[in-house]
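> Work out the full structure, taking the sequences as your base and the hints as a guide.
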Amino acid sequence: SQKIEQNSEALNIQEGKTATLTCNYTNYSPAYLQWYRQDPGRGPVFLLLIRENEKEKRKERLKVTFDTTLKQSLFHITASQPADSATYLCALDPGSGYSTLTFGKGTMLLVSP
Amino acid sequence: GAVVSQHPSWVICKSGTSVKIECRSLDFQATTMFWYRQFPKQSLMLMATSNEGSKATYEQGVEKDKFLINHASLTLSTLTVTSAHPEDSSFYICSAMKRGYQETQYFGPGTRLLVL
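As they're listed, the protein sequences go chains D and V.
Take the first sequence: its position 69, counting from 1, is numbered 69 in our numbering, and each next residue is one higher.
Take the second sequence: its position 95, counting from 1, is numbered 1095 in our numbering, and each next residue is one higher.
Simulated from the structure, these hints should not be mistaken for laboratory data.
The beta-carbon is built from N, C-alpha and C at its ideal position, and this holds for glycine as well.
Some hints could be false.
[As the list claims (entries may be wrong)] One-sided excerpt, in silico: chain D residues whose CB lies under 8 Å from chain V: (1) Y32; (2) G41; (3) L49.
[Stated by the list, open to error] Pairwise CB distance ranges (calculated): (4) N12/D with G1053/V: 46 to 52 Å; (5) K1066/V with L62/D: 37 to 43 Å; (6) N53/D with G1016/V: 48 to 54 Å; (7) S1054/V with Q72/D: 32 to 38 Å; (8) E1063/V with L110/D: 36 to 42 Å; (9) E1087/V with A10/D: 25 to 31 Å; (10) M1045/V with E52/D: 34 to 40 Å; (11) R58/D with G1016/V: 48 to 54 Å; (12) L11/D with F1039/V: 18 to 24 Å; (13) E5/D with P1040/V: 16 to 22 Å; (14) E5/D with S1015/V: 35 to 41 Å; (15) G41/D with L1076/V: 22 to 28 Å; (16) T69/D with K1020/V: 43 to 49 Å.
[Claimed, not checked] SDA-like, lysine to any residue: derived pairs with alpha carbons at most 20 Å apart: (17) K3/D with E1059/V; (18) K1041/V with G41/D; (19) K1041/V with R37/D; (20) K1041/V with T22/D; (21) K3/D with Q1042/V; (22) K1098/V with S85/D; (23) K3/D with L1046/V; (24) K1098/V with T100/D; (25) K1041/V with P40/D; (26) K105/D with K1020/V; (27) K3/D with Q1038/V; (28) K1020/V with R42/D; (29) K105/D with Q1042/V; (30) K1041/V with S8/D; (31) K1041/V with K57/D; (32) K59/D with Q1042/V; (33) K1041/V with R42/D; (34) K1041/V with S85/D; (35) K105/D with K1098/V; (36) K105/D with L1046/V; (37) K105/D with F1091/V; (38) K63/D with E1103/V; (39) K105/D with N53/D; (40) K105/D with S1089/V.
Here's what the structure looks like:
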């Protein structure tokens, strides 16, 4: 069956360090993968999209990698700040051709000052 | 920007009543809108996909007669939870796709529904 797995335990790091979150998937051949940020009681906010033929994408302090052989994406936040504390969701297009997204459960990131 | 609004942001209702939730794209035309449901500490679960002017496509296990979706215009979709029961209590989130940008979804702030 198809699965998207993100670390279920919260990731606690200190301000200024780099946070690395993992998204693994099985039985998918996604055309692209996306990362979203979700704050408590709010809808997700789009951060980055990476296509299957791209290895890495950057946006300010964010970096995403996509390894279709390992079926894994890594999401990095450099120079992390307490304001980065949130739940981060990975989502992928299941390849059905209907532009729908399947989401992982998300990993909560806590950045302490 | 791409702003999506939802109304109401929260609603409490009695069991057996119907509740309508609106989703609007404020500064763009949305050819496709999606409705999700999210339970605490769970992922977003897609309920249905709707395209303007056509019937919604429901995901497996979602009752179309219970969750009525109307995508009346390029900026408005509504979800009506009919005869709501306590198990329908959840966080309902809509998203919209911009015309010509068929990959990124822009999400609304969500609607918290509590059925007593």
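> May I ask which of the numbered hints given earlier this structure violates, with the numbers listed in increasing order?
Numbers 10, 22, 26, 31, 32, 35 and 39 - these are the hints that the structure violates, sorted from lowest upward.
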